[in-house]
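Add 1 to the 1-based position in the sequence shown for the working numbering, that's all there is to it.
Hint data in this document are derived by calculation from the structure and do not stem from the laboratory.
Misleading hints may appear alongside valid ones.
To be verified - Derived lysine to any residue pairs resembling SDA-like cross-links, with alpha carbons at most 25 Å apart:
#1 18 with 29
#2 30 with 46
#3 33 with 16
#4 18 with 28
#5 55 with 74
#6 62 with 74
#7 4 with 25
#8 33 with 43
#9 33 with 52
#10 30 with 52
#11 62 with 52
#12 4 with 16
#13 33 with 22
#14 18 with 36
#15 18 with 43
#16 18 with 7
#17 62 with 45
#18 30 with 9
#19 62 with 41
#20 62 with 51
#21 55 with 67
#22 4 with 22
#23 33 with 6
#24 33 with 9
#25 62 with 28
#26 30 with 13
#27 65 with 23
#28 65 with 18
Here the structure is a predicted model, which is why all the values come from computation and not from measurement.
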Amino acid sequence: MAKIYESPDGGETVFEKDTVTGERICIEKPIKPDWHIEWHDFELIQSMAEEGNKTLQNLLKEVKLVYNLSTESEEIYDD
Numbered sequence: 002m003a004k005i006y007e008s009p010d011g012g013e014t015v016f017e018k019d020t021v022t023g024e025r026i027c028i029e030k031p032i033k034p035d036w037h038i039e040w041h042d043f044e045l046i047q048s049m050a051e052e053g054n055k056t057l058q059n060l061l062k063e064v065k066l067v068y069n070l071s072t073e074s075e076e077i078y079d080d
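Using the sequences plus the hints, can you model the full thing?
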């Protein structure tokens, strides 16, 4: 039985496809850090915050604060 290898994202994720059964299994995928959020998930998080989820609102405020402080400190070091 022959196998075909497919990658929909340019090599980061690799699927092995059986040419007889058509079964496809993921044999390689990128490993992301535990803090990583995909863009579509981040959009859902922001939407839930906009709908009134107070916990997410507070956490996003903290993320925004840390981001602003980080970019300000980079500007200081760039000068």
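Sort out which numbered hints this structure fails and list those numbers smallest first.
5, 9, 10, 13, 14, 15, 25, 27, 28
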